[in-house]
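Chains as they are written, first to last, in numbering that gives the first Met the number 0: chain A, 0 to 275; chain B, 0 to 332; chain C, 0 to 289.
Hints were generated in silico from the structure; no laboratory data involved.
Model, not experiment: these values are computed from the prediction.
For each residue, glycine too, the CB sits at the ideal point set by N, CA and C.
Where hints are given, some of them may not hold.
[Stated by the list, open to error] List time: in silico BS3-like cross-link candidates among lysine-lysine, alpha-carbon distance up to 30 Å:
{"id": "1", "chain 1": "B", "residue 1": "K183", "chain 2": "B", "residue 2": "K73"}
{"id": "2", "chain 1": "A", "residue 1": "K163", "chain 2": "A", "residue 2": "K105"}
{"id": "3", "chain 1": "A", "residue 1": "K9", "chain 2": "A", "residue 2": "K105"}
{"id": "4", "chain 1": "B", "residue 1": "K248", "chain 2": "B", "residue 2": "K202"}
{"id": "5", "chain 1": "B", "residue 1": "K237", "chain 2": "B", "residue 2": "K248"}
{"id": "6", "chain 1": "A", "residue 1": "K163", "chain 2": "B", "residue 2": "K93"}
{"id": "7", "chain 1": "B", "residue 1": "K73", "chain 2": "A", "residue 2": "K163"}
{"id": "8", "chain 1": "B", "residue 1": "K202", "chain 2": "B", "residue 2": "K183"}
{"id": "9", "chain 1": "A", "residue 1": "K9", "chain 2": "C", "residue 2": "K197"}
[To be verified] So the derived label-pair ranges between C-beta atoms look like this:
{"id": "10", "chain 1": "C", "residue 1": "I18", "chain 2": "A", "residue 2": "G167", "range": "40 to 48 Å"}
{"id": "11", "chain 1": "C", "residue 1": "N273", "chain 2": "B", "residue 2": "G136", "range": "54 to 62 Å"}
{"id": "12", "chain 1": "A", "residue 1": "A39", "chain 2": "C", "residue 2": "W98", "range": "49 to 57 Å"}
{"id": "13", "chain 1": "B", "residue 1": "G294", "chain 2": "C", "residue 2": "S7", "range": "38 to 46 Å"}
{"id": "14", "chain 1": "B", "residue 1": "V169", "chain 2": "C", "residue 2": "F201", "range": "52 to 60 Å"}
{"id": "15", "chain 1": "C", "residue 1": "I18", "chain 2": "A", "residue 2": "F133", "range": "12 to 20 Å"}
{"id": "16", "chain 1": "A", "residue 1": "F133", "chain 2": "C", "residue 2": "G238", "range": "34 to 42 Å"}
{"id": "17", "chain 1": "C", "residue 1": "S7", "chain 2": "B", "residue 2": "E27", "range": "28 to 36 Å"}
{"id": "18", "chain 1": "C", "residue 1": "R209", "chain 2": "A", "residue 2": "V79", "range": "30 to 38 Å"}
What follows is each chain in one-letter form.
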Amino acid sequence: MARAVTTGQKTINTVAAWGVALLLFFPILWMILTSFKSEATAVLSPPVWFWFDWTTENYESVLEQANYLRFFWNSVIIAVGSTALGLVIAVPAAWSMAFVPGTRTKDLLMWMLSTKMMPGVAVLVPIYLIFVQFGLLDTRIGLVVVLMLINLPIIIWMLYTYFKEIPGEILEAARMDGASLRSEILFVLLPMAVPGIASTMLLNIILAWNEAFWTITLTTVDAAPLTKFISRFSSPQGLFYAKLSAASTMAIAPILIMGWFSQKQLVRGLTFGAVK
Amino acid sequence: MGQITLSQVTKRFGEVSVIPPLDLRIEEGEFVVFVGPSGCGKSTLLRLIAGLEDVSDGKISIDGKDATGVPPAKRGLAMVFQSYALYPHMSVRKNIAFPLRMAGLSQAEQDKKVNAAAAVLNLTAYMDRRPGQLSGGQRQRVAIGRAIVREPAALLFDEPLSNLDAALRVNMRLEISELHNSLKTTMIYVTHDQVEAMTMADKIVVLQAGNIEQVGSPLDLYHSPRNVFVAGFIGSPKMNLITGPEAAKHDATTIGIRPEHIGISAADGLWRGTVGVSEHLGSDTFFRVNDTGLGDMITVRAGGEVALHHGDAIYLTPDMTKLHRFDEAGLRV
Amino acid sequence: MSTQASRSAARTMLSPAVILLLIWMIVPLVLTLYFSFQRYNLLYPDRAGFVGLMNYTNFVATPAFLTAVMNTLVLVLGVLIVTVGGGILLALLIDQPIWGQGVVRILVIAPFFIMPPVAALVWKNMFMNPTNGLFAELFKFFGLQPYDFLGQAPLASLILIVAWQWLPFATLILLTALQSLSSEELEAAEMDGAPAIKRFWFIMLPHLARAITVVVLIQTIFLLAVLVEILVTTNGGPGTASTTLTFLVYREAILDSDVGSAAAGGVVAVVLANIVAVFLMRAIGKNLDA
Chain A
0 MARAVTTGQK TINTVAAWGV ALLLFFPILW MILTSFKSEA TAVLSPPVWF
50 WFDWTTENYE SVLEQANYLR FFWNSVIIAV GSTALGLVIA VPAAWSMAFV
100 PGTRTKDLLM WMLSTKMMPG VAVLVPIYLI FVQFGLLDTR IGLVVVLMLI
150 NLPIIIWMLY TYFKEIPGEI LEAARMDGAS LRSEILFVLL PMAVPGIAST
200 MLLNIILAWN EAFWTITLTT VDAAPLTKFI SRFSSPQGLF YAKLSAASTM
250 AIAPILIMGW FSQKQLVRGL TFGAVK
Chain B
0 MGQITLSQVT KRFGEVSVIP PLDLRIEEGE FVVFVGPSGC GKSTLLRLIA
50 GLEDVSDGKI SIDGKDATGV PPAKRGLAMV FQSYALYPHM SVRKNIAFPL
100 RMAGLSQAEQ DKKVNAAAAV LNLTAYMDRR PGQLSGGQRQ RVAIGRAIVR
150 EPAALLFDEP LSNLDAALRV NMRLEISELH NSLKTTMIYV THDQVEAMTM
200 ADKIVVLQAG NIEQVGSPLD LYHSPRNVFV AGFIGSPKMN LITGPEAAKH
250 DATTIGIRPE HIGISAADGL WRGTVGVSEH LGSDTFFRVN DTGLGDMITV
300 RAGGEVALHH GDAIYLTPDM TKLHRFDEAG LRV
Chain C
0 MSTQASRSAA RTMLSPAVIL LLIWMIVPLV LTLYFSFQRY NLLYPDRAGF
50 VGLMNYTNFV ATPAFLTAVM NTLVLVLGVL IVTVGGGILL ALLIDQPIWG
100 QGVVRILVIA PFFIMPPVAA LVWKNMFMNP TNGLFAELFK FFGLQPYDFL
150 GQAPLASLIL IVAWQWLPFA TLILLTALQS LSSEELEAAE MDGAPAIKRF
200 WFIMLPHLAR AITVVVLIQT IFLLAVLVEI LVTTNGGPGT ASTTLTFLVY
250 REAILDSDVG SAAAGGVVAV VLANIVAVFL MRAIGKNLDA
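Build the full structure now, drawing on both the sequences and the hints.
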């Protein structure tokens, strides 16, 4: 609204908004704070807020033991790998749907999006058995393939929307200039689509990193990413809140940062354009 | 180089026939203009020649060789798009060099040709800028530079001046004509503006609904329009077309007389009317005359200044040698 | 532009994606269907055989089934109400002129990016733990007995946890839709004397209707599939108090190794998801020329 609001009104709104925002953010804040406490401090009753001896011992401890870095690395490989693989397959598909549309293109796109809606639990059994059969259980490559498949519709969809914003005439000019299909995509389309591709990658890495169904059911030890590692702390035998907080903070930090930059992409990617 | 022949070329989009079987021959070095109202198929025809669309039937040959199925990259033609279609992420230099790069020329060769093209088009000062930093006219010239750098068999222009303001359009028209004089390459130019057609073309192809209404030099079309459509399309202001009893007097369904071929008098003449709107341009004056009994308003051109005003009586005498006659089918008699 | 050359190139370029998705769709589902008609337990692989619809009848007949369906309904509806209702209110609030709107947005959307295991464990250990969770501390502060959230109200606790994760999504979508509402419409209404409540009800809400529909449908798809949060907090318990349909199938498959039964349950889950998907596709399809 262009009209000015009274300062009083604005103050009330600000206080309310900040109040709610801090309330929602509080669990995350609490977890981060706890990660810097000693285990004893973490379970103090009544709890302490900011005025305690901050320590990094939990971070050091987590990084030393339990192969934490390997789980972290697994998350990275699975998230980045499935995204990269997805892009390789999605770029040509999105190109053809955006620049050589046919009568069935829209239906095809809808069908692709609908594959994302299949509940994982419905195909858990056959996928699990297939994985066992082919020795893919607890392998990173197996997970890369599965996560690529479940996110492919979103990657294709997002690239499609970004490609549609590029004027087709520029690609036609490239053809008139003697460019082969490969040259047209490599030297003209992709450089122009860099922002769109970056956005798609961002969103997809986030989705893959946080994916907690297949990463938990299809791994045990070797290929386990952070989701699996953390989920093992569900039984109360590990009352190591501070260490758990440290491990969790490190697990979510990259994604939190990436997520803050990707709000627009989130809306575009996850509502399939139905909301602008 | 640059001789193009279209034989029985047809284009259908699904069930709809956009271009019925069409024959056309374009000679080497000609400046051919496709002109016609919106939707007449002129851009489609250009794209068929370029290879950006497939023909539904018929053959296209370039320099004697069948080019009908050949992809656009291999036809040896170059195109200037209405929106210029420059590569926004490349500098002017790289834009112009792109076709040469695709053709596999060495960097030295590329530089030589690019600099030559830039010199011809006065772009040397802008070589390292991006298209986003250029004005409309400059972008236009980069698009032309990119097209000529490959020395194509023919240059195709798709309404290149539509996005420019009026003054710039006149300048670019001259530049393109000069370019044609110096390069002597075949040029095929699409426009809806008949002034561009008349001033630039060696040969004009008038199109309507996919059909070729007439092919000829500008003066051919001006003096001898083959039918009512061409007669009304070429020439500005439009030719006066009169039907009814007056036409019957001359043994035709429709007669036509251009505004510049009608004599004016305040006192005496063949037709009498009342001055409606008068447009004074200084060099010419145009009168829109009503109440002549001939049907619609008649437009008359008078050289210089004429002291007749709205509401005055005016007498018109057409030059009979310049009268055009058309039959019921609209064809020239 | 479309020539034969470009169309055949397009077909080739599309085929990897189409083939992969086709295989991903068909093969596992066909296998699930096949298994659902088999009596097959991984622990007793010799006792396999065709049993027709027995798995389905068994699955539906177990007492856990009805509970699971109810729980699923409650969970999904509960989360939807909280996220859509809260989302609208939050979106309205954030849309007001406030200082530091950027930071507020960042804080509000953060929960969506927390991976589910972490989110679930933070709530379980730090808030809901009856011994030293923060809620317990709060209760003690007021002299009340600490409440065992996850033990005594598992479904409600789960609704809280899952809603916390999805509220940012709903808020973001609704905020985006809200900001696309031209201020002129609202100002005209204000000039016509409409009070804030009426402006909200007659102008904003209809404008948001589209976005709300999309949020509801998309969230439903994902909420039906919620698993890890349950696994990590209550494990479906106590008993089956927080077992949803998805969790039931998971339990049959992984924990009981009963492939046949799990497959039957999986087919049921697919049917449910498809129903929602049909409506979602229609909502998206209307806008797909974007």
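Status of each hint after checking the structure:
1. B:K183 - B:K73: Given that 30 Å is the threshold and the Cα spacing comes to 21 Å, the pair holds.
2. A:K163 - A:K105: The hint holds at about 13 Å.
3. A:K9 - A:K105: Given that 30 Å is the threshold and the Cα spacing comes to 46 Å, the pair is violated.
4. B:K248 - B:K202: violated, 34 Å
5. B:K237 - B:K248: holds, 22 Å
6. A:K163 - B:K93: holds, 24 Å
7. B:K73 - A:K163: holds, 26 Å
8. B:K202 - B:K183: Given pair K202 (chain B), K183 (chain B) holds - Cα atoms ~15 Å apart, limit 30 Å.
9. A:K9 - C:K197: This hinted pair holds, its Cα atoms lying about 21 Å apart.
10. C:I18 - A:G167: 40 to 48 Å: violated, 26 Å
11. C:N273 - B:G136: 54 to 62 Å: Holds: the Cβ-Cβ distance is about 58 Å, inside 54 to 62 Å.
12. A:A39 - C:W98: 49 to 57 Å: violated, 39 Å
13. B:G294 - C:S7: 38 to 46 Å: violated, 56 Å
14. B:V169 - C:F201: 52 to 60 Å: holds, 55 Å
15. C:I18 - A:F133: 12 to 20 Å: holds, 19 Å
16. A:F133 - C:G238: 34 to 42 Å: holds, 37 Å
17. C:S7 - B:E27: 28 to 36 Å: holds, 34 Å
18. C:R209 - A:V79: 30 to 38 Å: The hinted range 30 to 38 Å holds for R209 (chain C) and V79 (chain A), with Cβ atoms some 35 Å apart.
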